[in-house]
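Q: The residues making up each chain are set out below.
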Amino acid sequence: GEDVEQSLFLSVREGDSSVINCTYTDSSSTYLYWYKQEPGAGLQLLTYIFSNMDMKQDQRLTVLLNKKDKHLSLRIADTQTGDSAIYFCAESQSNYQLIWGAGTKLIIKP
Amino acid sequence: EAQVTQNPRYLITVTGKKLTVTCSQNMNHEYMSWYRQDPGLGLRQIYYSMNVEVTDKGDVPEGYKVSRKEKRNFPLILESPSPNQTSLYFCASSSVAGGTDTQYFGPGTRLTVL
Numbered sequence: 024g025e026d027v028e029q030s031l032f033l034s035v036r037e038g039d040s041s042v043i044n045c046t047y048t049d050s051s052s053t054y055l056y057w058y059k060q061e062p063g064a065g066l067q068l069l070t071y072i073f074s075n076m077d078m079k080q081d082q083r084l085t086v087l088l089n090k091k092d093k094h095l096s097l098r099i100a101d102t103q104t105g106d107s108a109i110y111f112c113a114e115s116q117s118n119y120q121l122i123w124g125a126g127t128k129l130i131i132k133p
Numbered sequence: 868e869a870q871v872t873q874n875p876r877y878l879i880t881v882t883g884k885k886l887t888v889t890c891s892q893n894m895n896h897e898y899m900s901w902y903r904q905d906p907g908l909g910l911r912q913i914y915y916s917m918n919v920e921v922t923d924k925g926d927v928p929e930g931y932k933v934s935r936k937e938k939r940n941f942p943l944i945l946e947s948p949s950p951n952q953t954s955l956y957f958c959a960s961s962s963v964a965g966g967t968d969t970q971y972f973g974p975g976t977r978l979t980v981l
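Respectively, the protein sequence lines represent chains A and B.
Just add 23 to the spot in the first sequence (first one is 1) and you have the numbering used here.
Just add 867 to the spot in the second sequence (first one is 1) and you have the numbering used here.
Fair warning: there could be bad hints in the mix.
Unchecked claim - Derived pair list, reagent style EDC-like, types lysine to aspartate or glutamate, alpha-carbon separation capped at 20 Å: (1) 932/B with 897/B; (2) 91/A with 28/A; (3) 59/A with 92/A; (4) 132/A with 106/A; (5) 79/A with 106/A; (6) 128/A with 897/B; (7) 59/A with 897/B; (8) 924/B with 106/A; (9) 90/A with 61/A.
Worth flagging that the hints you see were computed from the coordinates, not collected in a lab.
Pulled out of the complex, with its shape left as it was, chain A reads as follows (with noise of 0.2 Å):
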């Protein structure tokens, strides 16, 4: 079946830029999105990217999207503390289900 991997853990100093990686395998993926899950708490929507761009920029967050690879990356700038949590990778299928990585818990050291 379709499957989206992600690394488990990265850990980045404070002020650094973090990249999360992500593969997938649906090549029919219409979105790719980006969840981030804070400790103790549901999951809230970073950011999104339709399947037709290659970047996507939103304040301190970069979306890159290589489509021939199928792998997706997001980059926070200037990593705060207050970015520790898991993040999420997931990819909507042309039935609309999404499919979800298991999630990469970033983790902030002073």
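For chain A, the structure is supplied; the task is to place chain B on it using the hints.
A: For chain B alone, coordinates are given in the frame of chain A:
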């Protein structure tokens, strides 16, 4: 305020004792969904509903039931819970499934089955 509510937030129960986790949304969304979240596995969809009286299985439906009698409510029913259903459960809703419309998530229900 737009929100998805779940109850209870925490539940400890014993094997075989039927339970229901309620989910309610106030945004008039057509699409609702239940997920379970387990360490290292991310979110796995249990059931989803495209509208009232329309439900379908997700990736891991075994041991669960749902109903969608009203647009706002989408309860998750465990008829005979087992320890492997110990997990964190999220309900979500959106106006369009998988489109640009945001999926709104409830706060989660942490279930422990002894």
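Q: So, for every hint listed, does it hold in this structure?
A: Now the hints, each set against the structure:
For a cut-off of 20 Å, the pair hint linking residue 932/B to residue 897/B stands: about 19 Å separates their Cα positions. Under the criterion of a C-alpha separation no larger than 20 Å, the hint pairing residue 91/A with residue 28/A is consistent with the structure, at around 16 Å. For the hint pairing residue 59/A with residue 92/A, the CA-to-CA distance comes to about 24 Å; that exceeds 20 Å, so the pair is violated. For the hint linking residue 132/A to residue 106/A, the alpha-carbon distance of about 11 Å falls within 20 Å, and the restraint holds.
Restraint check for residue 79/A and residue 106/A: satisfied, since their Cα atoms lie roughly 19 Å apart, inside the 20 Å limit. Between residue 128/A and residue 897/B, the direct Cα distance comes to roughly 31 Å. Violation of the 20 Å bound is thereby established for this hinted pair. At roughly 23 Å between alpha-carbon atoms, residue 59/A and residue 897/B are farther apart than 20 Å, so this suggested pair is violated. Distance check on the hinted pair: residue 924/B and residue 106/A sit about 34 Å apart at the alpha-carbon level, beyond 20 Å; violated.
Our distance criterion of 20 Å between C-alpha atoms is broken by residue 90/A and residue 61/A, whose separation comes to about 29 Å.
In the structure shown, a violation is registered for the earlier hints numbered 3, 6, 7, 8 and 9, in ascending order.
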